[in-house]
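Dock chain one against chain two, each of which comes alone in its own frame, and use the hints as you go.
Listed below, chain by chain, are the residues.
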Amino acid sequence: MKKINEMKLTVQAKSVNESFCRVAVASFAAQLDPTVEEISDIKTAVSEAVTNSIVHAYSAMNGNIYITASLYPDNMLTVRVRDTGIGIADIKQAREPLFTTGGDDRSGLGFSVMECFSDKLKVTSKEGKGTTVTIYKKIRGKSVDES
Amino acid sequence: MVLFKAEKDTLTAYLGGDIDHHTSKNFRDEIDSEMARLMPSVLRLDFRDVHFMDSSGVGLVMGRYKTGLIYGCKVVVASMPPKVEKIMKMSGLGRIITFEKE
Numbered sequence: 001m002k003k004i005n006e007m008k009l010t011v012q013a014k015s016v017n018e019s020f021c022r023v024a025v026a027s028f029a030a031q032l033d034p035t036v037e038e039i040s041d042i043k044t045a046v047s048e049a050v051t052n053s054i055v056h057a058y059s060a061m062n063g064n065i066y067i068t069a070s071l072y073p074d075n076m077l078t079v080r081v082r083d084t085g086i087g088i089a090d091i092k093q094a095r096e097p098l099f100t101t102g103g104d105d106r107s108g109l110g111f112s113v114m115e116c117f118s119d120k121l122k123v124t125s126k127e128g129k130g131t132t133v134t135i136y137k138k139i140r141g142k143s144v145d146e147s
Numbered sequence: 001m002v003l004f005k006a007e008k009d010t011l012t013a014y015l016g017g018d019i020d021h022h023t024s025k026n027f028r029d030e031i032d033s034e035m036a037r038l039m040p041s042v043l044r045l046d047f048r049d050v051h052f053m054d055s056s057g058v059g060l061v062m063g064r065y066k067t068g069l070i071y072g073c074k075v076v077v078a079s080m081p082p083k084v085e086k087i088m089k090m091s092g093l094g095r096i097i098t099f100e101k102e
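Top line first, the protein sequences correspond to chains A and B. Going by the numbering used here, the first sequence wraps up at 147, each residue one higher than the last. Going by the numbering used here, the second sequence wraps up at 102, each residue one higher than the last.
Hints in this document: simulated from the structure, not taken from any laboratory. Heads up, the beta-carbon is just placed ideally off N, CA and C, and yes, glycines get one too. Misleading hints may appear alongside valid ones.
List of simulated lysine-lysine pairs, DSSO-like, C-alpha gap at most 27 Å [unchecked claim]:
(1) K138(A) with K92(A)
(2) K142(A) with K89(B)
(3) K25(B) with K14(A)
(4) K142(A) with K86(B)
(5) K86(B) with K122(A)
(6) K89(B) with K92(A)
(7) K89(B) with K120(A)
(8) K86(B) with K92(A)
(9) K122(A) with K89(B)
(10) K92(A) with K122(A)
(11) K74(B) with K25(B)
(12) K138(A) with K89(B)
(13) K138(A) with K122(A)
(14) K138(A) with K86(B)
(15) K120(A) with K86(B)
Calculated Cβ distances over 10 Å to all of chain B for the following chain A residues [to be verified]:
(16) K3
(17) R82
(18) A94
(19) K129
(20) Y136
Same shape as in the complex, but just chain B (with noise of 0.2 Å):
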């Protein structure tokens, strides 16, 4: 489940529940039609209500960051609780996408 909120350039998607490869598709089609639909600047993916999540939330995030290259839009990751956190960091994707800090 995806909540979005659009903020002068920036759209924030509130992403809930479990990330794993069987929700991840739904994640990715809402985040990308609604980019499509609004072409922000800079999209954040906020983890704050995401309770599990595997190495399909670090794909998600590596595919949003690429369609992001196609529309100019940065991505930023913010609010992960302690065990997004560790994958997103294991991940190294911390070196191409800013993890926001609250």
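The shape of chain A in the complex, shown without the other chains (with noise of 0.2 Å):
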């Protein structure tokens, strides 16, 4: 598919960077005039993404984060998410609602509402080399809320 833009955004692991981030991203995805929903879907969606990078691919080293938000015809966004961190050694139980390895206060429902808030969710890893995640969205927008 046709790329129409593109914004690529790098920062580093640190966990004041999480509010940063999905706010640009949030910014980046206003020019498809979503709604109030589908803003706050996006930014929940990538706050998730990036807090796993820092929570998880980064607890134990410094590293940075790498954010492409790109978008193609029929309103179509991508976030790609990526670390060079630990890797994920197994997906299919990262992704279980629950589970986590994050002890402390973690809900382990990172993927869980990164998948309920997005149309699609795609995830990648090799331990010791990092991990991408891609949230697809389709951005309805103000014009089907109305009618």
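Printed below as a string of structure tokens:
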């Protein structure tokens, strides 16, 4: 599919950057004229992905998080969140609701929320190399809402 | 930021701003120290001024529920904006915690 627009963002894996990342992606998506709920869904899904990289991928090391947001025809938004951290040994298990290795008040819902708040979620990972999460979200926008 | 109101045996914590992994530590510490000080029988978590929340908010409520079990304190979730309610509902938290209706 032909890419219409793209934004790339690199941040250090620090929790203070979580809000910056989700707001930056939401601002980029604003050109598709999304509804308030769609903006909130995007922010939440991005926040989960970035938090996973910080809490899990880079729990014991420093590193960068690479975000690419792209627009395709028919108001399709994709957000790729990539890290070069420890990777996920068992992706199927990691995506199960309530499964967590995070301990201490982590809900184990990160992937479930990303799935629920997007149209499709792709996760690829290699142990010792890192993880890439791609969020697909079709923006139906205000026109649909009002009709 | 958390504002507290204590009435009889109920401690209400008014949460405000964004609840994510970065901010949830502060919310947790403030609530836990107030719970330990007042030993309420009900902890009401009021979400009316929460502008953003991800699954860290669910973790925050779950954690307070567990702390409440130790103190014999019931946890109630109140005044959820639609986006907060969406995550709370999908989490299944409603099976163990009361969602207070306005």
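**Message:** Of all the hints numbered above, which does this structure not satisfy? Sort the numbers upward.
**Reply:** Hint check: nothing fails, all pass.
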